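Chemist: For this one, chain A is given, so just place chain B on it according to the hints.
Order-wise, the sequence lines are chains A and B. Heads up, the first sequence is in the numbering used here, so the first residue is 29 and it goes up one at a time. Heads up, the second sequence is in the numbering used here, so the first residue is 29 and it goes up one at a time.
Each hint should be verified, as a subset may be incorrect.
Since copy identity is lost for identical chains, a pair holds within one copy or between any two.
[As the list claims (entries may be wrong)] With a cut-off of at most 16 Å between alpha-carbon atoms, the simulated EDC-like pairs for lysine to aspartate or glutamate come out as follows:
{"no.": "1", "residue 1": "251", "residue 2": "213"}
{"no.": "2", "residue 1": "251", "residue 2": "291"}
{"no.": "3", "residue 1": "251", "residue 2": "283"}
{"no.": "4", "residue 1": "356", "residue 2": "248"}
{"no.": "5", "residue 1": "356", "residue 2": "230"}
{"no.": "6", "residue 1": "251", "residue 2": "152"}
{"no.": "7", "residue 1": "356", "residue 2": "405"}
{"no.": "8", "residue 1": "356", "residue 2": "213"}
Read the hints as simulated data drawn from the structure, not as lab findings. Since this is a predicted model, take the numbers as computed values, not measurements.
Number of protein chains: 2
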Amino acid sequence: MTRKQFETLDLDNLEQNLQQAAELIAGRIRAIACDPVKQNISFEELAAIIPCDLPDEGHGPEAVIGEVARHIEPYSTRIGHPRFLAWITTSPGPAGTIGDMLCTGLNQAPLSFKGGPAATVLEEIVLGWFAGMFGMPEGWGGTIVSGGTMANLMGLTVARRVHAPQVHARGMQGLERPLVLYVSDQGHMSVTRSAVLLGIGEDNVRAVPSDSACRMIPHELEKAVQQDRRAGRLPFCVVAQAGSVTTGAVDPLPDIAAICRRENMWMHVDAAYGGAVMLADELRPLLAGIELADSVCVDPHKWFFVPLECGITLFRSREQQLETFRAKAAYLGAENPHDLKNTTFILSRANRALKVWFAFRSYGRLRIARIIRRNMELARQLYRLMCDHPEWEPLAPAPLSIVCGRYTPSAAVRGGWTEQQIDDLQLQMIEELERSGTALLTPAAVNGRAGVRVCIANHRTTPEDITLIFNTLTAIGTRIARPDEHETAGE
Amino acid sequence: MTRKQFETLDLDNLEQNLQQAAELIAGRIRAIACDPVKQNISFEELAAIIPCDLPDEGHGPEAVIGEVARHIEPYSTRIGHPRFLAWITTSPGPAGTIGDMLCTGLNQAPLSFKGGPAATVLEEIVLGWFAGMFGMPEGWGGTIVSGGTMANLMGLTVARRVHAPQVHARGMQGLERPLVLYVSDQGHMSVTRSAVLLGIGEDNVRAVPSDSACRMIPHELEKAVQQDRRAGRLPFCVVAQAGSVTTGAVDPLPDIAAICRRENMWMHVDAAYGGAVMLADELRPLLAGIELADSVCVDPHKWFFVPLECGITLFRSREQQLETFRAKAAYLGAENPHDLKNTTFILSRANRALKVWFAFRSYGRLRIARIIRRNMELARQLYRLMCDHPEWEPLAPAPLSIVCGRYTPSAAVRGGWTEQQIDDLQLQMIEELERSGTALLTPAAVNGRAGVRVCIANHRTTPEDITLIFNTLTAIGTRIARPDEHETAGE
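Isolated chain A (complex conformation) (with noise of 0.2 Å):
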């Protein structure tokens, strides 16, 4: 029998299928501007147009490729459309996403160098230029992985082993003296996932109050630490944020240095969506310390603008990264120095590091940090919007490209609104753009109040998308808060 009358999975119009998709992908990124971002419809009704059966003989990808069109595509929320702002999600620059395309058409399997030479060389080539753009000194380590909850986890896992590396085979059973981890009251919830996963449980996770720019307090951080202290506790590890999920608050990175090197912890930074500033040398100043750290979490697929999934963490020094990952079996044949198997938690990978190098190579940093400053100028010019808008008010400020701010109408004050009456207007607000299709935002909640969060993290926002949410939105919480005025209006 020759290969070709052999049945395998190979397809006869391979060269045809690719271009299908090709123009499918190419059609909707030509269209990611358009109207709505997204499309309003329940899971139940979605669930009864995508077809749902596994079937015994192949359809062929021609008429696949036919139901991605009609039944999947127009109900994929265009999150690279301009008012896209919601979550860190952002709009990826179309040379990320042709990295992607090739990444999976190499189809690497880099555990082992053997298993994707070029796709080994990339990732430390990708992971050098982020070690330098975060001032990792000399015998720096870091691994790519699938994003920030996962690139914090590896940066905790090491931590806990550099300072209680008994719990590698005794468990954390083993330990005397409980574990305690601190991030501020703003942190990104990875960090508490991550300590729950890690066994040093949620009780154990201080959440260090922060002033009302939203940055952990320093003097609370030592009051928390010496307070465990003289409970017999062990404070270990102190995450910072570098762009808090909130509000983008950056903690101050210098001092919680101090505090880590006085006590003995390790220093973490969720720097997931702020690190993209390191990109743009003006910029750096914002993170000043985080070349202090012991490991620092920072994800390509957020504000660096490639497809996801994209994270990175990025270890002071290598040595601990590998004495806490390496892996070691026969099946795995002999071992090279480069292996990727032994610097990250998961063993099968795909070469994430391509995209990264595609998309960094094709547009070049400075075109990029000049995105990530115009964001930045786009939230500070809606900032300004709340602050010149009497119904308006900004619930923190807004240090990078996140802005939260909270609308009450001069109607609900005549009226007598409760708190919790505006903080429901601020979700209907939200919820009302949504579904007319003009932008997709989230809530947010600062110091216990409710409001809008716009997060500029996207290369196609104008200053006109701006405007327009700004307008649309104090538009509808009028209305909501006028209904009988409005009514009447309109008749």
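Modeler: Relative to the frame of chain A, chain B by itself:
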């Protein structure tokens, strides 16, 4: 300023760039069966070839695609080559590759239903297919993760939560009795790695002895559990292998299930590789008993021929799963009962379901099942070749598609070689085969004896490939064992 004049990361020649990438991928796949399987190049040599600067000004995607074609693609191991039979890494079916391209092209963020309505539905559809295949009862849950290590971790995390709920708040330090986990001495390293991560510790993972067919011995499991109970420890979980990484052994699942029920332990089945047989009706009895598991790990990116990365954890109880992973935060917005953020550890995630859905619908269940069946026949072919050859011996039965064998050349017997010398020979044979570009295999250690491991999870491997590998290995081994005779013959 119009949108057009505004600097974004959009590409002027998007269609052409996508087309160039598609052509590169098509060319790669069309030539995937060409030798060598892998280039012989060192990390240092390759690092000198791949462009490593982060340029201030971008080179544009055309130029960078050219760099990929010249410097990356040639040094990317041909994992789809018919004689790539290393680890458990499979040749992806090209329809899966197209599905993965569409995944990155649509760039969904289905942590929340809003971030990917279709992606959320697709994840439920695909998980439903697997839950059905594995006989999960009503109320099942599941999650799509990056691969087997994460899938095992997710299973063990829920196991810990259910059997030691206090750990969530108080940490493992709060436990009076240390948790103990059981896996056969053939268990995948990700099980111990997960136990270390979870704070259980290596010392609390029992390697239960296996029989001559590499299957866990139920009686030994019972003995170990009793011993731990007597010592005041808390046996909480057994990980059964359904397709062990070294030989493809399937543990006696019904016996293990009975012990777990009797001893009130969680039963997790690691079917990362072996789970694929559930796709073929007549092969399902091989994993009889798997339907009794509390959680199952199974990897679409292994023997289902889907490109990296894609793993799945199935849970008997979605309620227990949600109880473990529920994620709440103001900035995440209003809850939808289908939000994927509540089903797994990470938050941001790609739409991995799409490539599975795309590949399965394109090929149909039966076509993939035929390939799986043929891979098993190829394994039997190789096993018989080893049995029939006086110098070869299989090191273990080959119940699925992995064959481990040891070559003892008669010249070595005549020359009085030690076992260690024969061990070393196996590795030399594999390395020389690899250097020749003919095939990529990995070594194995079975009951302390080294061998050659051939993992046939490849839709392109033919009977002729198996014969070629067997004959080439034999020739290499013979020549190494008789260097003088060979040199004489060659003169």
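Chemist: All hints are to be evaluated individually against the structure, with a verdict given for each.
Modeler: Tested hints:
{"no.": "1", "hint": "251 - 213", "verdict": "within (15 Å within a copy, 48 Å between copies)"}
{"no.": "2", "hint": "251 - 291", "verdict": "within (12 Å within a copy, 46 Å between copies)"}
{"no.": "3", "hint": "251 - 283", "verdict": "within (14 Å within a copy, 55 Å between copies)"}
{"no.": "4", "hint": "356 - 248", "verdict": "neither (43 Å within a copy, 25 Å between copies)"}
{"no.": "5", "hint": "356 - 230", "verdict": "between (32 Å within a copy, 14 Å between copies)"}
{"no.": "6", "hint": "251 - 152", "verdict": "neither (40 Å within a copy, 47 Å between copies)"}
{"no.": "7", "hint": "356 - 405", "verdict": "neither (50 Å within a copy, 30 Å between copies)"}
{"no.": "8", "hint": "356 - 213", "verdict": "between (39 Å within a copy, 14 Å between copies)"}
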